[in-house]
Structures are given as C-alpha cells and as structure tokens.
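Going line by line, the protein sequences match chains A and B. Each residue of the first sequence is one higher than the last, beginning at 7 in the working numbering. Each residue of the second sequence is one higher than the last, beginning at 5 in the working numbering.
Some hints here could point you the wrong way.
As the list claims (entries may be wrong) - Chain A is faced by these chain B residues, among others (derived, beta-carbon under 10 Å): (1) GLN41; (2) PRO43; (3) GLY44; (4) TYR68; (5) SER69; (6) GLY110.
As the list claims (entries may be wrong) - In silico DSSO-like cross-links for lysine-lysine, where the CA-CA straight-line distance does not exceed 27 Å: (7) LYS64/A / LYS17/B; (8) LYS22/B / LYS61/B; (9) LYS22/B / LYS74/B; (10) LYS74/B / LYS61/B; (11) LYS7/B / LYS48/A; (12) LYS57/B / LYS22/B; (13) LYS108/A / LYS48/A; (14) LYS64/A / LYS108/A; (15) LYS57/B / LYS75/B; (16) LYS7/B / LYS61/B; (17) LYS59/B / LYS17/B; (18) LYS61/B / LYS17/B; (19) LYS59/B / LYS48/A; (20) LYS74/B / LYS59/B; (21) LYS48/A / LYS118/A; (22) LYS75/B / LYS7/B; (23) LYS7/B / LYS59/B; (24) LYS57/B / LYS74/B; (25) LYS108/A / LYS74/B; (26) LYS48/A / LYS61/B; (27) LYS108/A / LYS57/B; (28) LYS74/A / LYS48/A; (29) LYS22/B / LYS59/B; (30) LYS75/A / LYS64/A; (31) LYS61/B / LYS64/A; (32) LYS74/B / LYS74/A; (33) LYS75/A / LYS108/A; (34) LYS48/A / LYS74/B; (35) LYS48/A / LYS64/A; (36) LYS118/A / LYS64/A; (37) LYS7/B / LYS74/B; (38) LYS64/A / LYS22/B; (39) LYS108/A / LYS7/B; (40) LYS17/B / LYS48/A.
It should be emphasised that the hints constitute simulated quantities derived from the structure, not laboratory data. Glycine included, each C-beta is placed from N, C-alpha and C at the ideal position.
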Amino acid sequence: AQSVTQLDSHVSVSEGTPVLLRCNYSSSYSPSLFWYVQHPNKGLQLLLKYTSAATLVKGINGFEAEFKKSETSFHLTKPSAHMSDAAEYFCVVSDRTSGTYKYIFGTGTRLKVLA
Amino acid sequence: DVKVTQSSRYLVKRTGEKVFLECVQDMDHENMFWYRQDPGLGLRLIYFSYDVKMKEKGDIPEGYSVSREKKERFSLILESASTNQTSMYLCASTWGGTYTDTQYFGPGTRLTVL
C-alpha cells in the first residue's frame, strides 16, 4: 500500500530565503506525486506533479520538486520565499493499486514566512 | 479552467439533523471525491464516484452517504449529524480514470455541528 510522510508539520523562513518542504513516499508501483497548496479558508490548488517523465518538475509560483527514487523522496523547494507563500502544503501520492486508484495525502506542512 | 463549486462555505447544524453538502463541476469529469480535512490529519477520503450512480467507500465512510444522479453533481449526506462530524469538507474531481490525473478542488464547506 502506498503512504506519504511530510517530515515537518511547521516550517518558518524569512522572506527572500530558500524554502524546503520535505516529503517521503512509499509505493509498490511507479507512483504519481503531487504538491498542493492551500491558502487559509480556500480549497487546494495544484503546484506541480510528477508522472514518470522528467525527475525535476517545475511548478507555479517558482516552486519545483525533484523525484528521487533511491531516496523515495519528493521534496518541494523555492529559491526565495515570498510573504504570499505562507500557506499549508500537501504532498500526495497515487498509484495503481489493486485495480483501482486513490490519492493518499500527507498530513500537511504549514509554511510561515517572516518579514 | 475547471471549476468546482460547493453549495455553502459555512454551515451550522444541530445534532441529529440531516445535512446535504452539494458539489458541482463544470468540466464533464468522470470522477468525483468527498474528503474531510482535520488539523494534523490531512485529507481523508469519505467516498468517491467514478460514474453516474456509481460510488465506492473511502477510508472513513461511516455516518455518511453519497448520491450522484447527474455527472456534474456529487452530494454528500450526513444522515444524522453528530458533533464529531464538525470539519472542513472538500470536494474534488478528476477527468478520467488514471492515477496521473490532477484533482481539482472546490473551496470547501466548513461544517459545525452543535
């Protein structure tokens, strides 16, 4: 069965410094991996996704993530944090399991950006 | 752009009431999902539907039922609301039947059961 672990429940960075949000996954099949962002009282918005093409995936708003099969990781990065990046971020894994598919969500990482 | 709408942003109900949460998507998506979101637990799947009138239980279906009479509309029903169903409810949809599909989310309904 697939699973996903977000290693930090809260991350604080200063504006203009790099962002690193960590995600490890487990999957018996070649997975799809997603990062979503949720701003306060809003739904989730896709940042980027990996679907077995290029291992370095670029997303919206300057975010990117690298799929590392040997480390079973899919960490989200951004070179320079903006105040508007303050939100909750979810790592999601999906694969073909037992003939159906489902999306497994991490517990989320809340990013705080300090002025 | 895909649009997923939910009938209410905030809802307050009494224990024992029957509650309907409605979700509508406008892009002819095959699959629709209902999740609940609780702090520290991420999103947990309640039910999903892969076609009209077809549904499958997710991880936490107890106390909930669903209805999908039309392709664009997926309803979540709390037969007899209880305080432990106070939560944020999110609806999502995907175009087809592969695990690479992007989920598109509605804005959520924050339900409080008193």
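Hint by hint, here is what the structure shows:
1. GLN41: It holds, given that the least Cβ distance between GLN41/B and chain A is near 8 Å, below 10 Å.
2. PRO43: 9 Å, holds
3. GLY44: 6 Å, holds
4. TYR68: 16 Å, violated
5. SER69: Check failed: Cβ of SER69/B comes no nearer than 19 Å to chain A, outside 10 Å.
6. GLY110: 5 Å, holds
7. LYS64/A / LYS17/B: Measuring from Cα to Cα gives roughly 43 Å; hence the hint is violated.
8. LYS22/B / LYS61/B: Status holds; Cα separation ~20 Å.
9. LYS22/B / LYS74/B: 21 Å, holds
10. LYS74/B / LYS61/B: Within the cut-off at roughly 19 Å; holds.
11. LYS7/B / LYS48/A: Between LYS7/B and LYS48/A the Cα gap is close to 14 Å, so the pair holds against 27 Å.
12. LYS57/B / LYS22/B: 21 Å, holds
13. LYS108/A / LYS48/A: The hint holds at about 22 Å.
14. LYS64/A / LYS108/A: Distance of about 24 Å is within 27 Å: holds.
15. LYS57/B / LYS75/B: Given that 27 Å is the threshold and the Cα spacing comes to 9 Å, the pair holds.
16. LYS7/B / LYS61/B: 24 Å, holds
17. LYS59/B / LYS17/B: 26 Å, holds
18. LYS61/B / LYS17/B: The hint holds at about 24 Å.
19. LYS59/B / LYS48/A: 26 Å, holds
20. LYS74/B / LYS59/B: Holds. LYS74/B to LYS59/B sits at ~13 Å (cutoff 27 Å).
21. LYS48/A / LYS118/A: 17 Å, holds
22. LYS75/B / LYS7/B: Holds: LYS75/B and LYS7/B sit about 14 Å apart, inside 27 Å.
23. LYS7/B / LYS59/B: Answer holds: LYS7/B to LYS59/B is near 22 Å, not above 27 Å.
24. LYS57/B / LYS74/B: Holds, at about 8 Å.
25. LYS108/A / LYS74/B: Holds, because 22 Å separates the two Cα atoms, which is no more than 27 Å.
26. LYS48/A / LYS61/B: Cα-Cα ~25 Å, so holds.
27. LYS108/A / LYS57/B: Within the cut-off at roughly 19 Å; holds.
28. LYS74/A / LYS48/A: Violated. LYS74/A to LYS48/A sits at ~30 Å, over the 27 Å cutoff.
29. LYS22/B / LYS59/B: 20 Å, holds
30. LYS75/A / LYS64/A: 17 Å, holds
31. LYS61/B / LYS64/A: 34 Å, violated
32. LYS74/B / LYS74/A: 41 Å, violated
33. LYS75/A / LYS108/A: Answer holds: LYS75/A to LYS108/A is near 20 Å, not above 27 Å.
34. LYS48/A / LYS74/B: 26 Å, holds
35. LYS48/A / LYS64/A: Holds, because 23 Å separates the two Cα atoms, which is no more than 27 Å.
36. LYS118/A / LYS64/A: 22 Å, holds
37. LYS7/B / LYS74/B: Roughly 16 Å separates the two Cα atoms, so the pair holds.
38. LYS64/A / LYS22/B: 44 Å, violated
39. LYS108/A / LYS7/B: Between LYS108/A and LYS7/B the Cα gap is close to 21 Å, so the pair holds against 27 Å.
40. LYS17/B / LYS48/A: 21 Å, holds
Hint compliance for this structure: hints 4, 5, 7, 28, 31, 32 and 38 are broken, all remaining hints hold.
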